[in-house]
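Engineer: Residue strings, one per chain:
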Amino acid sequence: MGAVDLIRAGEPTPSAWRFRLHELAWRDLVEALRTDPLPFCGLWCDGADMHALFILRDAPLAVTLVLEDGRYPALSPAREVSTLYERAAYDLYGAEAMWARDVRPLLDHEVWPCSTPLAGQPGVSEARTGLVAFQPSEKFVAATGPVDGWGPASGGVAPPWHVAFTQSGGVIGLAESQSGYAHRGLALRWRGSRAEEACRLSGRLVAGQSVAHQTALCMAVENACGHVVGEKASQARVALLEMERVLHHLYTLADMAERAQAPLVAAHCMMLRETMLEQISPVTGSRLLMDCCRPGGVHLPQAEQMGALCDSLARMGLAGHPALQELWDSFPGLAARLTGLGVTRTEDLARVGLEGPVARAAGQDCDTRRLLGLYDGLWRYTAGRQNGSAADRAQLLLDEIAESLTLLAKLAVHLGDAAPGRETLSLPDAEGMAMVEGPWGRVAYWVWLHQGRLAQVFCHNPAAAALLVFEEAIKGQPVEDLPLLACSLGVNAAALDG
Amino acid sequence: MRLIRAVLSVAFRQSMTTMKPAGRGGPLMLFHIETGGCGGCGMELRALASAPYDLGGAGFGLAGTPAGADMLLVSGPLTRMMAPVLQAAWEAMPDPKGIICLGDCALDGGVFGENYATLGGLERHVTIDLRLPGCPPTPADVLAGLASLLGGGVQESMPRSDTGGSL
Chain A
1 MGAVDLIRAG EPTPSAWRFR LHELAWRDLV EALRTDPLPF CGLWCDGADM HALFILRDAP
61 LAVTLVLEDG RYPALSPARE VSTLYERAAY DLYGAEAMWA RDVRPLLDHE VWPCSTPLAG
121 QPGVSEARTG LVAFQPSEKF VAATGPVDGW GPASGGVAPP WHVAFTQSGG VIGLAESQSG
181 YAHRGLALRW RGSRAEEACR LSGRLVAGQS VAHQTALCMA VENACGHVVG EKASQARVAL
241 LEMERVLHHL YTLADMAERA QAPLVAAHCM MLRETMLEQI SPVTGSRLLM DCCRPGGVHL
301 PQAEQMGALC DSLARMGLAG HPALQELWDS FPGLAARLTG LGVTRTEDLA RVGLEGPVAR
361 AAGQDCDTRR LLGLYDGLWR YTAGRQNGSA ADRAQLLLDE IAESLTLLAK LAVHLGDAAP
421 GRETLSLPDA EGMAMVEGPW GRVAYWVWLH QGRLAQVFCH NPAAAALLVF EEAIKGQPVE
481 DLPLLACSLG VNAAALDG
Chain B
1 MRLIRAVLSV AFRQSMTTMK PAGRGGPLML FHIETGGCGG CGMELRALAS APYDLGGAGF
61 GLAGTPAGAD MLLVSGPLTR MMAPVLQAAW EAMPDPKGII CLGDCALDGG VFGENYATLG
121 GLERHVTIDL RLPGCPPTPA DVLAGLASLL GGGVQESMPR SDTGGSL
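Residue numbers (UniProt numbering), protein chains in the order written: chain A, 1 to 498; chain B, 1 to 167.
A hint or two may mislead.
[Claimed, not checked] Some, not all, of what chain B presents toward chain A, calculated at C-beta under 10 angstroms:
hint : residue
1    : Gly39
2    : Pro52
3    : Tyr53
4    : Leu62
5    : Arg80
6    : Val85
7    : Leu86
8    : Ala88
9    : Val111
10   : Thr127
11   : Pro133
12   : Ala147
13   : Ser148
14   : Gly151
It is worth saying that the hints were derived from the structure and are not from the lab. In this text, a Cβ means the ideal position worked out from N, Cα and C, and glycines have one as well.
Produce the entire structure from the sequences given, and follow the hints as far as they go.
Structural biologist: So, in structure tokens, the structure goes:
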């Protein structure tokens, strides 16, 4: 039997897309996944059960297993990226993954006042003080060459993480990351929160992707409620998602250009972004588009201006885009610096399941917008360069900026001078799931509602897969290009640590 | 944008040398450390350090190491894992030195109050020399706050330099 058949042979649950398996069937599923390409989205624990989420033809397919004595068969032998989820589940709940590929701590480095803080009965911790030591894998220990490190405090503006790497002659041999520095305990904060509070938290999981996270959470809550928001509110959400994509891509391009010694290009990107923000912030109430989405709709101080804003941004952005493209192409040394840098291999992307612009720039056909009803009649993306290098990723971001601006022009007509708002939701005891295409790829939320609050929340974003791709792509690259490569691959500790 | 640049230039650049503490040359160097937040304050700091803003023209620079910094610029709630990193950065800074909190999270934890993973904000733990509230504060707000630091005299705003200071 294939993986899908094994899952669907399980015990049905109230959600048509989730099935409950017994341990032997779960083991069979792991074996089937070794050869079955079913896309894996994430794994998480709620204290009593383990849940795995897959994407079947752009629709969710989930499977649940009850923990036996706190243990379960690991998925990582079949899905490498599951390693990160398994390590997080152990650190937070004490759920032990049997036959796991990697059992090093991910989040808990024994500085917390307790261990397994989300378990029914948290454990005792040494609560160590002092700097956390890097814990290498056996493979890293066996690697040759001097070991160096980068982060967690590099003086930059990105959330903290640490990379240890071996090097020879200024070229990186093997690199491994240590995370947990940006862990704020989102899962615990979400637990028992009101929908508005949960939404506010999701908007602050990772800056620059706030709309994606808030929209996905809101849609998951609405799906659990069986509620469909109005047409204008849906269009306003799409407009916000595309504005965020434009702003995010400009910021990322500026960061890449700055690190590639092209300050003029960086300044041009940031100037264009800032000009857009001058128009966006009065209408949305936030420069980083935080708190614009709420369960039941949107929350905008000048909602009636959304149509005009979309029109203005599209005109301004599309008028300025050719100059930005020309500058990017012609700035001395920029193309040469990025071409061939951090080339992602198709097999690595497939192995860890990374989607979004990184995969699209390597020729993968993946975009959650394709399946969202929100985008019906609006979205059509034409693929560009597909060689998977930093130069290809930059060009794809430039292409996507133009694409999103075109989409905003269409939305301006639909929105007109309507003032999309929000409707009040009544929260039943139910579960819901939803996903959107964030700036770096698929963002998915899975929520359980109980007694009018969110009992459990699971968030999937591309950060875990991006980290694994980064660790592969950095091999053989110059040491000084490490931050540039991390930037171009969308590695973000805030999104990873949660 | 040109207007903003002109205002910044007139307001800060011309009088910068007179506002800087005696014995110091060059800009006031800030070492930014993100102690575990969403990164929003860092993004706004990045915007401030780019066109059309003029952080350098206003008399400030971003240091690559704490040893080259005058002030520690902290954003994000303080996670327990980052606390010793923050302490190490502080100890690596030469005297006189001070602490600036960028954003609500760095001040009081913001939406990320104390739990098993975070200690909340810094205001319960150390003396803060400059508070820049907001979630996140805008680049203009940050620049105005930093400018007040120079206008008030940097020397006066670094009260713990003779005590060695501790986080």
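Engineer: Give a verdict on every hint.
Structural biologist: To see whether the hints hold, each was checked on the structure:
1. Gly39: holds (4 angstroms)
2. Pro52: Since the shortest Cβ distance to chain A is 6 angstroms, the answer is holds.
3. Tyr53: holds (8 angstroms)
4. Leu62: Where the cut-off is 10 angstroms and the nearest Cβ of chain A is about 7 angstroms from leucine 62 (chain B), the hint holds.
5. Arg80: holds (5 angstroms)
6. Val85: holds (5 angstroms)
7. Leu86: Holds, about 8 angstroms.
8. Ala88: At about 6 angstroms, which falls below the 10 angstroms cut-off, the nearest Cβ of chain A leaves the hint on alanine 88 (chain B) intact, so it holds.
9. Val111: holds (6 angstroms)
10. Thr127: violated (21 angstroms)
11. Pro133: At 15 angstroms from the nearest chain A Cβ, proline 133 (chain B) fails the 10 angstroms test, so the hint is violated.
12. Ala147: violated (19 angstroms)
13. Ser148: violated (21 angstroms)
14. Gly151: At 25 angstroms from the nearest chain A Cβ, glycine 151 (chain B) fails the 10 angstroms test, so the hint is violated.
In the structure shown, a violation is registered for the earlier hints numbered 10, 11, 12, 13, 14, in ascending order.
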